[in-house]
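S.K.: Below are the chains, spelled out letter by letter.
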Amino acid sequence: MSAPQLDDLDRQLIEVLARDARVSNRKIAGDLGVTEGTVRGRIKRLQQEGLIAFTAITSFGLTSSAKMAFIGIQADVESVREVAAQIAEIPPINALMITMGRFNILAFCLFDTLETLIELTSDKILAIPGVHHVETSIAVKTMKYNARVVRITEKGGPVDDEE
Amino acid sequence: MGDNFSVDDIDLAIVEQLRINGRATNQQIANNLGLTAATVSTRIRRMEDADKLRVVAVSDFSAHGYNVLMELAIEVDGRPASEVAAELAEFPEVFAAHLVTGRYDIDMLVVLRDFSDLPDLLLDKFSKVRGIRSMMPAIAVDVLKYQFDVAPLEARSQQ
Chain P
1 MSAPQLDDLD RQLIEVLARD ARVSNRKIAG DLGVTEGTVR GRIKRLQQEG LIAFTAITSF
61 GLTSSAKMAF IGIQADVESV REVAAQIAEI PPINALMITM GRFNILAFCL FDTLETLIEL
121 TSDKILAIPG VHHVETSIAV KTMKYNARVV RITEKGGPVD DEE
Chain S
1 MGDNFSVDDI DLAIVEQLRI NGRATNQQIA NNLGLTAATV STRIRRMEDA DKLRVVAVSD
61 FSAHGYNVLM ELAIEVDGRP ASEVAAELAE FPEVFAAHLV TGRYDIDMLV VLRDFSDLPD
121 LLLDKFSKVR GIRSMMPAIA VDVLKYQFDV APLEARSQQ
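As given, the protein sequences belong to chains P and S, one line each in that order. First residue of the first sequence: 1, per the numbering used here; consecutive thereafter. First residue of the second sequence: 1, per the numbering used here; consecutive thereafter.
These aren't lab readings, by the way, just hints derived from the structure by calculation. Hints may contain errors.
Stated by the list, open to error - Not close to chain P: a few residues of chain S, all C-beta gaps over 12 angstroms, as computed: (1) V55; (2) A73; (3) D77; (4) R79; (5) A85; (6) P92; (7) D105; (8) I106; (9) L109; (10) S116; (11) P119; (12) S127; (13) A140.
Claimed, not checked - For lysine to aspartate or glutamate, the following EDC-like pairs were computed, each having C-alpha atoms within a straight-line distance of at most 16 angstroms: (14) P/K124 / S/D77; (15) S/K145 / S/E90; (16) P/K67 / P/D10; (17) S/K128 / S/E75; (18) P/K44 / P/D10; (19) S/K125 / S/D51; (20) S/K125 / S/E90; (21) P/K141 / S/D120; (22) P/K44 / P/E115; (23) P/K67 / S/E83; (24) S/K145 / P/D10; (25) P/K124 / P/E154; (26) S/K145 / P/E15; (27) S/K145 / S/E83; (28) P/K144 / S/D77; (29) S/K145 / P/E82; (30) P/K144 / S/E93; (31) P/K27 / P/E15; (32) S/K128 / S/D51; (33) P/K141 / S/E93.
Built from N, CA and C at the ideal position, the CB exists for glycine as well.
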């Protein structure tokens, strides 16, 4: 992967927008001493290159289930991509990666009750052909969580068309 | 936390619009949902003021020069796991640290600029933290989905 070329202005923009994405281009331009056109163009480029995305982050339990679990999965090596893609489609799964380690798929999910978690892991995931073993561990306390820096898996997104 | 903050269907619909495009104007959201821009603005502010919502730019690991993502499970021995986790959370490479049930006691997401940073991080930094019995890394070779848009939110004043 080639490293993206970011200059100081890009980094300042990312920092400002990571605090509040709803600041107007005009205000950002004023604060950083550049033109609105520059701000608009930079934001568009960063979005198109998949380096930033604008979204809403909500606290646990506001719009979704309040607890998190880590699901480690051992799947057939030769079909790991297909199996991983199938699991990623299941709605409560909010993150999934193929890994090298004690599991070859690692998934994260949000859940409300142990029944819904068991249904997800034992009924849905374990029933997928190619899945051999599932281990779940529940997050009981969060010590650190940076939701601002992520892997953006879908490039682009709605482009900022603010006048 | 024990607060009585509640949201209705309109709030949820606004949040859904913001998840799709956090930079959508109040007017655009209002048009999509059949509301007024003033209503949209008021409702967003109410959720933000209660520290239940942040509308932000998230940035890719690569924008910060991080090219390796790793999950690290840690087994603790002879020290409270919360103390070990708190100490590990101080490292900037640690993006998430949770106390978990099961075979291991702490589960972390760790990022690196390069694989060559791994020995230094594991052998010189993390291993100096007292109470770690074993570390089990899993290196992400492909990330299919990554939607951590639900998270503990800090108060505005801490930003």
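S.K.: All the hints need checking, so say for each whether the structure fits it.
M.R.: Consistency of the hints with the structure:
Some Cβ of chain P comes within 12 angstroms of the Cβ of S/V55; the nearest lies about 5 angstroms off, and the non-interface call is violated. For S/A73, the requirement that its beta carbon stay farther than 12 angstroms from each beta carbon of chain P is not met, with the minimum near 8 angstroms. Under the 12 angstroms C-beta cut-off, the non-interface status given to S/D77 relative to chain P holds; the minimum distance is some 18 angstroms. At the 12 angstroms boundary, the C-beta of S/R79 stays outside the reach of chain P, the nearest C-beta of that chain being 14 angstroms off.
The claim that S/A85 is not at the interface with chain P is violated, since a C-beta of that chain comes within 12 angstroms of its own (minimum 4 angstroms). A cut-off of 12 angstroms between C-beta atoms contradicts the statement that S/P92 is not in contact with chain P; the least separation is 10 angstroms. Some Cβ of chain P comes within 12 angstroms of the Cβ of S/D105; the nearest lies about 10 angstroms off, and the non-interface call is violated. In this structure S/I106 is not separated from chain P by more than 12 angstroms, as the shortest Cβ-Cβ distance comes to only about 8 angstroms.
Not every C-beta of chain P lies more than 12 angstroms from that of S/L109, the closest at about 9 angstroms, which undercuts listing it as non-interface. Its beta-carbon lying about 15 angstroms from the closest one in chain P, S/S116 satisfies the requirement of being farther than 12 angstroms from that chain. For S/P119, the non-interface assignment is confirmed: its Cβ lies about 17 angstroms from the closest Cβ of chain P, beyond the 12 angstroms cut-off. No Cβ of chain P approaches the Cβ of S/S127 within 12 angstroms, the least distance being about 18 angstroms, so the stated non-interface status holds.
At roughly 4 angstroms, the least C-beta separation between S/A140 and chain P is not larger than 12 angstroms, which violates its mark as non-interface. Under the criterion of a C-alpha separation no larger than 16 angstroms, the hint pairing P/K124 with S/D77 is inconsistent with the structure, at around 35 angstroms. Under the criterion of a C-alpha separation no larger than 16 angstroms, the hint pairing S/K145 with S/E90 is inconsistent with the structure, at around 26 angstroms. Taking the CA atoms of P/K67 and P/D10, the gap is near 35 angstroms; set against the 16 angstroms cutoff, the hint is violated.
Restraint check for S/K128 and S/E75: the C-alpha separation of about 14 angstroms stays at or below 16 angstroms, so the hint holds. For a cut-off of 16 angstroms, the pair hint linking P/K44 to P/D10 stands: about 11 angstroms separates their Cα positions. Straight-line distance between C-alpha atoms of S/K125 and S/D51 comes to about 34 angstroms, which puts the hinted pair past the 16 angstroms bound. Annotation: proposed proximity of S/K125 to S/E90 holds, straight-line Cα distance about 11 angstroms (limit 16 angstroms).
Our distance criterion of 16 angstroms between C-alpha atoms is broken by P/K141 and S/D120, whose separation comes to about 28 angstroms. The hinted pair formed by P/K44 and P/E115 fails the criterion: a straight-line CA distance of about 44 angstroms is larger than 16 angstroms. Restraint check for P/K67 and S/E83: not satisfied, since their Cα atoms lie roughly 22 angstroms apart, outside the 16 angstroms limit. Restraint check: the Cα-Cα separation between S/K145 and P/D10 comes to about 25 angstroms, which exceeds 16 angstroms; the hinted pair is violated.
For the suggested pair P/K124 and P/E154, the alpha carbons sit about 25 angstroms apart, so the restraint of at most 16 angstroms is broken. About 24 angstroms separates the Cα atoms of S/K145 and P/E15, which puts this hinted pair outside 16 angstroms; it is violated. Only pairs whose Cα atoms come within 16 angstroms are accepted, and S/K145 paired with S/E83 is rejected, the gap being roughly 31 angstroms. Using a Cα cut-off of 16 angstroms, the hinted pair P/K144 and S/D77 is violated, with the two alpha carbons roughly 21 angstroms apart.
A hinted pair counts as satisfied when its Cα atoms are at most 16 angstroms apart, and S/K145 with P/E82 qualifies at roughly 14 angstroms. For the hint linking P/K144 to S/E93, the alpha-carbon distance of about 11 angstroms falls within 16 angstroms, and the restraint holds. About 14 angstroms separates the Cα atoms of P/K27 and P/E15, which keeps this hinted pair within 16 angstroms; it holds. Restraint check for S/K128 and S/D51: the C-alpha separation of about 36 angstroms exceeds 16 angstroms, so the hint is violated.
Proximity of P/K141 to S/E93 is assessed by CA-CA distance (about 19 angstroms); at most 16 angstroms being required, the pair is judged violated.
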